[in-house]
Structure formats: structure tokens, C-alpha cells
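Visitor: Now for the letters of each chain:
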Amino acid sequence: MKGKEGISRKEIEHIAWLARVELSKKELEVFSKQLNEILAYFAKIDEVDTEGIPPSHHVLDFSNVFREDEVESSMSEESLRNVPQTKGRFVRAPRMT
Amino acid sequence: MKASGTRIGLEVHCQLTNLKTKLFCSCSSDYRGKAPNIYICPICMGMPGTLPVLNKKAVEDAMMVAIALGAKISGEMLFFRKNYFYPDMPKNFQISQYDKAGGVPLALGGFVQIDGKGVRIRRIQLEEDPGKLSYEGTIESSTHTLVDYNRAGIALIEIVTEPDMSSPKEARLFLEKLRSILEHLGVSDGSLEGSMRCDANISLKGGKRVEVKNISSFKEVERALSFEITRQKSLIERGLGVGQETRHWDEVRRITVSLRTKEEEQDYRYFPEPDLVPFVITEEQTRDIERRMPELPDKRRRRFIEQYHLLPQSAEILTRVKAIADFFEGCAKLYNKPIDISNWVIGELLPHIRDKSIGIDELRITPKHLVDILKLMDDGTISRETARFVLQNTLSTGKMPYEVIEERGVKRVVDRDYVKKMVEKVLEEHPRAVKDALVDRKVANYLMGKLMKMTEGRLDPKLAGEMIKRRLSELSKSATF
Ligand SMILES: [Zn+2]
Numbered sequence: 001m002k003g004k005e006g007i008s009r010k011e012i013e014h015i016a017w018l019a020r021v022e023l024s025k026k027e028l029e030v031f032s033k034q035l036n037e038i039l040a041y042f043a044k045i046d047e048v049d050t051e052g053i054p055p056s057h058h059v060l061d062f063s064n065v066f067r068e069d070e071v072e073s074s075m076s077e078e079s080l081r082n083v084p085q086t087k088g089r090f091v092r093a094p095r096m097t
Numbered sequence: 001m002k003a004s005g006t007r008i009g010l011e012v013h014c015q016l017t018n019l020k021t022k023l024f025c026s027c028s029s030d031y032r033g034k035a036p037n038i039y040i041c042p043i044c045m046g047m048p049g050t051l052p053v054l055n056k057k058a059v060e061d062a063m064m065v066a067i068a069l070g071a072k073i074s075g076e077m078l079f080f081r082k083n084y085f086y087p088d089m090p091k092n093f094q095i096s097q098y099d100k101a102g103g104v105p106l107a108l109g110g111f112v113q114i115d116g117k118g119v120r121i122r123r124i125q126l127e128e129d130p131g132k133l134s135y136e137g138t139i140e141s142s143t144h145t146l147v148d149y150n151r152a153g154i155a156l157i158e159i160v161t162e163p164d165m166s167s168p169k170e171a172r173l174f175l176e177k178l179r180s181i182l183e184h185l186g187v188s189d190g191s192l193e194g195s196m197r198c199d200a201n202i203s204l205k206g207g208k209r210v211e212v213k214n215i216s217s218f219k220e221v222e223r224a225l226s227f228e229i230t231r232q233k234s235l236i237e238r239g240l241g242v243g244q245e246t247r248h249w250d251e252v253r254r255i256t257v258s259l260r261t262k263e264e265e266q267d268y269r270y271f272p273e274p275d276l277v278p279f280v281i282t283e284e285q286t287r288d289i290e291r292r293m294p295e296l297p298d299k300r301r302r303r304f305i306e307q308y309h310l311l312p313q314s315a316e317i318l319t320r321v322k323a324i325a326d327f328f329e330g331c332a333k334l335y336n337k338p339i340d341i342s343n344w345v346i347g348e349l350l351p352h353i354r355d356k357s358i359g360i361d362e363l364r365i366t367p368k369h370l371v372d373i374l375k376l377m378d379d380g381t382i383s384r385e386t387a388r389f390v391l392q393n394t395l396s397t398g399k400m401p402y403e404v405i406e407e408r409g410v411k412r413v414v415d416r417d418y419v420k421k422m423v424e425k426v427l428e429e430h431p432r433a434v435k436d437a438l439v440d441r442k443v444a445n446y447l448m449g450k451l452m453k454m455t456e457g458r459l460d461p462k463l464a465g466e467m468i469k470r471r472l473s474e475l476s477k478s479a480t481f
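Line by line, the protein sequences are chains G and L. Yeah, the first sequence ends on 97 if you go by our numbering, and it's all consecutive. Yeah, the second sequence ends on 481 if you go by our numbering, and it's all consecutive.
Okay, chain G solo, but in the shape it has when bound:
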């Protein structure tokens, strides 16, 4: 996190590229402002002293949930119905390079 220095215009452009969204100049400005406000708000968390506290990756206190290697019906037709665009049985998506 960038903390107080905030997030630069260049970084916003890069994030937009990563998410494959195109932003207008105006949108870039709006999002820069909004994202910086959000980051500043969360920067408060940095003030907490976490020295010596182990990281907690999970809040649930259990482990080892497994399943056996047995095939079950896939519900493929229902799953395919949720797809916005298909061609034959294929899922159709915009081309990305």
C-alpha cells in the first residue's frame, strides 16, 4: 500500500489495463480521487502495532477439509445456461492479447 503518498495516475492506468477496462481522462481523475480517499481511510490500519503477532490467514479454526476422488454429476447444462455468450457448446469471450 502506498499510504500517505497516494496512488499515482500511472498506477491507475496500469490497474485499469490489468482489469482490461478502458478509462476516459475524466474517469481517470474521478477514480484517482476516489481510490486515494479509500486508501487514506484504510491507512489508519497501519497505525496498529502488529509487532510479534503472527499473521492470521483464516478466521475459521479448523483445517483438512477433503473430498474423496469420486465423480459426481456435473450439472454442465445448468452451468452453461449461466454463460452470457456461447457458440455451440463453447463459451464465447472477447479476444485478449
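Think of the hints as simulated: they come from the structure by calculation, not from any bench. Any given hint might turn out to be false.
[What the hints assert, rightly or not] Derived CB-CB ranges, DEER-like:
#1 S24(G) to M47(L): 29 to 37 Å
#2 K44(G) to E76(L): 26 to 34 Å
#3 Y135(L) to E27(G): 53 to 61 Å
#4 S24(G) to V257(L): 26 to 34 Å
Beta carbons are placed, not taken as given, at the ideal position from N, Cα and C, and that holds for glycine.
Position chain L with the ligand relative to chain G; hints supplied.
Guide: Chain L with the ligand only, in chain G's frame:
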């Protein structure tokens, strides 16, 4: 191709093909040759509200691989999300493991011995295979991608090596050895299309590290690496230098192409997968799997030397591919002549496989075919030359050896009259040699050679030798008187 200062590291992805289901859902993993998107479900399609559940057998398989490679299995592990926007994963992330940010992969360290050299393993981890993309229309003009998610979520094991290999050949040897180990473990069948793929990183002295992605089969690795080394060498020689970059192996044009990727590691925003709880492996579980470990190639090689008295290099060649070692042992069980069998497998069968570039699973013969041929040769029914001929024929037709022998009339000839006739014919055709043979009996060997050539090696050699000798002494008598 062994340039000094060349360092090669590999990142190998192997599907755990013995699993019946995917890594985190109960969809069938038997996707090859199937209609698109028939093995998809709300979990592998990333529908909201669904939860992935880890396949227990996938963890056991991965542990077997780790033990076989001498890696240290981690006690507690997490899965991580690797986030990216690309349609090969419907969720916009891949569930993988990570060795930073508090993450621990399934196993660390390890070692594979190749050709008197060790290749160190950096880490071994479990992750999902992405779906398969194809293009609508031609690759150049298409505006859309067609996706088949049958493969999305299949269990992959990723094995990352240290940059310990110094030539494309060593990389191939490493991959062959790894494949043999995985096949002996029974976890991954390398003969299935696309089941083993790899990325490679290469650096030469005086240049930066280049990563080559998309090497879709082990066969391509040597080719891709050789190209890349030549390319980098020429850049360095011309003083242009080699910068750090990611390239893509174009299998059709057989060149590497710069990917100009703008994504860097931090852009994947790895974080612990909140939908999966950690999993813990106890030492007892590890020991339990150790007890169930099958025989591995190195041990099998040593056993071949001890049990069958094979030469070390023969044992090495036979155990490079599990199916070859199995074929050899199949023969040795049927016929107690392991050294002969080993010679025929190495001298006749392997060149056939190489020349035809087929897998041993595509062979049309079984151990019984080879054993029958060797038995027929050993009891004198056919000559060694004929045995070779019959083997070649059975290899291409799959027919049983006795069928070929009957059909082609290549049984060894023990008919005295026929042999006598052939001997007379050869002697008539080579009057000079006969004259010499009368003085120097060693020349008789030359005539024997001609006789065998004329009859395609089908005459009983003992009988033919006697006949030549007898005819020559008859001639020498008639010449004296
Ligand atoms: Zn599924």
C-alpha cells in the same frame, strides 16, 4: 550445444492423470476427446456462493512425488489465489500455492540425478489447470475466443528446478527422468496429449534471464532451448546484450517470440484463498505414504543389474521409460534369457520406436511376440537374420511370429537336397574363390557368406558349412587325380 555459462531452469506442469476428478470439485477429469464444456459445474465455473473442496487423493499423489524427489513436505499449507483477467479461468483467478507472503508450497527442496549430475528442485506445489482456448475463425482475424472449461480445475503438480542444467540435452534428460519417476509412481501418464508441459528460463554468461513459455511437450523442449541459446549467443556476440523478458515458443515457426508482457509478479495480487481452510500433513501421514511407495527408476535400474545381470548402461536405458522397463520384464518372465532380451529390446525395438517416433504404447507387439521369436531362433527354426526380419514384420503388422514365418516361408532350411543344390550354385558362380579355397580353406568362409546372402540367411548354418566343406574336398580330390 554446450555453451559455457549457460544456465537452464525448468518449471514443469504435470497433470495428475490418475485422478478421476478435478482438484476442487467432483467433475470428471476424463476430458480428452470429449465435447466442450460437459465437465463443468458451479464450482469450477466460479459461481457465487460455491465452495471448492480439496481432492484428498491429489494431495497424496503430490506427496508421493515430493517423497520420490527427496523434497521436504511442509507441515501446514495454504492455497493462494493468483488473480488475472484472462478467459482461460472463469473465476478470474487460479487457485495455486505461493512461497511468499506467508505461503508455503506443498514441498521444498529435492534432487534428481541425471547422467552423473544432480538437478536441484526448488519447490513442488499443487494448482489448477486452466481451460483451453481456441479462436473463432483464423487466429489472425478473430475477435473472439472460444473456451472449453473441461480442463479448467484439473489437478496439476508444478515442479520448479534450480537453474542447474547447462544444455538443452540435460534439460531433456531431466524431463525424461522426471517422466519415468511420475510413471513409476502411477500418478501421471506422460503419453497423454498435453499432460506434461513446461516453461524454461535460460541465461547465458553476460546476459539476463529469459523465460520461455508455452512449451507444450517434452519433445519440444530441446528444440526451444537450442533456438533460444543460439539467439542469445548471437545478441551477446554482437554486443547487443540480452535483457530480462518473457518469450513464447511458437511451435509452428519453431522460434521464440517476445511477449512484451506488462504483468509483473505483484500484479497477480497473490493472497490466501479464503474459501479453502489450511491443510496439515503429519509426519505419520508422510511415513504411511512412504511405506506405500512403488519401486522407482533408480532402484529398478539397480535391481535389473543385480537380478538379470545386465550391463549398467543397458539397465539405465531400459529404465528411462517405464513402459520399456515393463516390456523387458514382461519378456524376462516368459523366457529366462534376460541378456538376450535386453540386447534385442535396445538394439531392435528402441531404434524402431525412435525411427517411427511412436510411443511404446503404440507398439503392435507384446512381450510374447519377442519371446516367441527368440525361442524360434534359439531352437534353430530360424536364423538370427530371419529373426530380425520376422520382428520387423510383426512390428508393422502385429501378427504373431509363427504366422509371419509360415506366410513368408522363412523357416530355416534343413532339407539336405536343397542345401546341396544351393551350395553347388554358389560354387559355380564363384569359380575364382573356389580355386583359392582349394589352397586356403579359410576362403571357404567367404563362400559361406555368399551362400547365406543368396538364401537370405535361411539355410541351417551348420549343415551348409558341412556341405561346402564336403563339396570342396570332393573338388580337391577330382583336381588331384
Ligand atoms: Zn466442476
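Visitor: Return the numbers of the hints above that this structure violates; sort them in rising order.
Guide: The structure breaks only hint 3.
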